[in-house]
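Enquirer: Chains as they are written, first to last, in my numbering: chain A, 28 to 343; chain B, 28 to 343; chain C, 28 to 343.
By construction, these hints were calculated from the structure, which means they are not laboratory data. Be a bit skeptical, because a hint or two may be false.
What the hints assert, rightly or not - Per the computed footprint, the stretches of chain B lying under chain A, defined by three or more beta-carbons under 8 Å from a beta-carbon of chain A, are: (1) 71-85; (2) 99-109; (3) 199-205; (4) 302-309.
Positions of the beta carbon are idealized from the N, C-alpha and C atoms, including for glycine.
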Amino acid sequence: MSHYIRADGRFAGRDIISVRHLSPEDLEYIFRVSHDMRMLVGRIGSFDLCRGKILANLFYEPSTRTSASFVAAMERLGGSVIGINEVHYSSVAKGESLPDTVRTLECYADVLVLRHPEVGAAAEAAKWCKKPVINAGDGVGEHPTQALLDLFTILEELGGVSGLTVTLLGDLRNGRTVHSLARLLAGYNVRLQLVSPPSLAMPAELLSELDAAGVVVETVARIEDAIPHSDVVYATRVQKERFAQLADYEAVKDAFCITPETMQKAKKKMVLLHPLPRVNEIAVEVDDDPRAAYFRQIEYGLYVRMALLAMVLGRA
Amino acid sequence: MSHYIRADGRFAGRDIISVRHLSPEDLEYIFRVSHDMRMLVGRIGSFDLCRGKILANLFYEPSTRTSASFVAAMERLGGSVIGINEVHYSSVAKGESLPDTVRTLECYADVLVLRHPEVGAAAEAAKWCKKPVINAGDGVGEHPTQALLDLFTILEELGGVSGLTVTLLGDLRNGRTVHSLARLLAGYNVRLQLVSPPSLAMPAELLSELDAAGVVVETVARIEDAIPHSDVVYATRVQKERFAQLADYEAVKDAFCITPETMQKAKKKMVLLHPLPRVNEIAVEVDDDPRAAYFRQIEYGLYVRMALLAMVLGRA
Amino acid sequence: MSHYIRADGRFAGRDIISVRHLSPEDLEYIFRVSHDMRMLVGRIGSFDLCRGKILANLFYEPSTRTSASFVAAMERLGGSVIGINEVHYSSVAKGESLPDTVRTLECYADVLVLRHPEVGAAAEAAKWCKKPVINAGDGVGEHPTQALLDLFTILEELGGVSGLTVTLLGDLRNGRTVHSLARLLAGYNVRLQLVSPPSLAMPAELLSELDAAGVVVETVARIEDAIPHSDVVYATRVQKERFAQLADYEAVKDAFCITPETMQKAKKKMVLLHPLPRVNEIAVEVDDDPRAAYFRQIEYGLYVRMALLAMVLGRA
């Protein structure tokens, strides 16, 4: 296994729109470079791999966490950022089309990161943009860098993913994060446990997709029953707004919360993940548990985004 | 003709408030440096001509495009930016005067770029500021960097401006962009064709000014009749809000739109410009026409703003 | 007295939450490094003392002046900034707790600057954050970097603070700035004159604190009577909103304004300070008086913030 980045160039100029476009070899390469980024940041903090390069960070909807992560990633690579966080203020409000905005920003920047509320926006942007485009979430569509950082976290924390039992917990119907992660995991030899309120169960199409990929999927009613077998628990938010009746929400919300008591039933070596922000899905008392990996997960996200930026810019 | 920038220093510390302050020699110098910037960006992307310098990018009204252009320009010169895009959030909302804001920012930054809704704001700011001020648009007043980039685009695309026929199209009454460009063009040997709805014709004062400068100006009713003779067509937005009756707008709007059919009547060698954002003044089908230069125009804007920043900072 | 920064490391990793945590030796060190920063900026503008370091500039309420000052400070040290100025747009709006936000940002950045509307927020943030936290104002609590820059201004302008008569003018009840400064001054041998509307007098607790520290405090009704003895006048805003009746405000407002006539009664060598923004507490005609130091004060603020950033990052 190689250490420290050698520019390979295979991703130079490529767009990162969907995890579906990534082959097993692509994934292996991304995680290798991400690992190197982790080592380099650990030793020297920042470095000039992308010095002189400019990122246009275009957010049509707010996402401080993802936006800040890309800014930090670019800055730790020695590059600069044009931040466009308030698109309601911009030409967009005057009615400019996404293709025109993209063709403007490609004149200024070397790479474009896009968060947009509409499914397919990133693919549309990439169609028009001569510079590489990275999808930072397009509505209920994809959020590939989140899925990649989730998987990278599992790899770095547990040393591998093959043979693991992964429990997906919470709102499995609406969470694009958990859908993308499930698709990525389907490429590995994993067993999935699904724990959600019945009204927020995983969509049938995705279940078929997982079945076709040969993934063993089990539905478990309560987290207490799922956690003893789990190597990974991936918790997501159960949002009040998703329920027609507040009473329905109140009835289920505690059944899908992780507490210190829940963690007592878990394996000694396992990881608890969450895409954050959390509200009350994971009790703050769990934070000090060494298996609680959700803040380390944020840090892994920095490394994955550094890797992707450097790769599409032809520097890794 | 020199290539690659030698610091001349003649602009060091100067403000860029209006195109009226620029002599023919100034213009020649600005475009020479802008051309050098184009060559340098083409070869090496970014460089450290203004390393360690800080731009305060102060926008009292939103303008993503212009703001992003100055940010990119400063970053490609190796400098840094303090972005102040939401002045409604700032001390300004507490009632601070422009002179006080300017005298604060000059303590932090080496150069100030100002967009303000009031005519004369940039000149007022420059009066108080010890550091150079660049006007990025002051209400219906001036937007000198836009006019300079428009002219630079013509120069780079067609190799010169003397002897050309330039058609100005759309809202010629309200567009500060087109007014500044007309004034700049008056210094060269050009013929102007004006095409606009009668209610949005060019102001009489500006027409007198052009006449006094010896410019041949012709009013043409329809773009179809103007385009065959044009070396340059500069299209601008005809905004619905400018019409008292929506019916009046609907009646004229298509008469001032450029379509592939319009372009068939144009010279083989000509350029079609637009300050962007466009709404429907130029059909998207025209975008692939090699004469459609409005996205290249954005890129030329980057070079002109790099040149001006480096010049007023004494680095070019 | 040493010149030019030698990293001493005593502040590496420390939080700057309150002036109460700073010993006389700490203050001396801070002002020594701030002075060195002033010299270095004067000679070379920017330098790479904190190259590769990233500041997360987290503002839960708007403060263009303070925010821009920290951005400029970090950039002049060669570092980079993640600006988070619109927290209403961020995960915070989704209900994320301050500890979670802080533990996210520490994954991206090397130092955190926090402005927050609630007293104690900075201390709370520091409790959770592994990276150093600098308090940029927490409600009516503390604003330590403002107090430090106020004192640094006096030191640099007058060469020392011992033996001086300092007049605090305006709203002495609500101004956290003036409270923090008074506390800092209590560590030196100064005489204080307080001039305020009766309803906006300094809180009794703070008066007791000053008394316990052995500070001679005199209340003076009118600025005219206080100014002849003053080495320093620190003026603050008397905000209309603080008065129950507009008439009460109108009755007192002019009594607490500094005009050229007021300045005629002042010593030849004295300094007039104001935390800015001002509205009408100091007439603009006073600005040209060499004793009017409030714009120089902004510049001193840059040096103090550069010093603090470099110090907590272990670089000075």
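Enquirer: Work down the list of hints and note, for each, if the structure agrees.
Expert: Now for the hints, and whether the structure bears them out:
no., hint, verdict
1, 71-85, "holds (count 4)"
2, 99-109, "holds (count 4)"
3, 199-205, "violated (count 0)"
4, 302-309, "holds (count 4)"
Hint 3 from the earlier list is the only one contradicted by this structure; the remaining hints agree with it.
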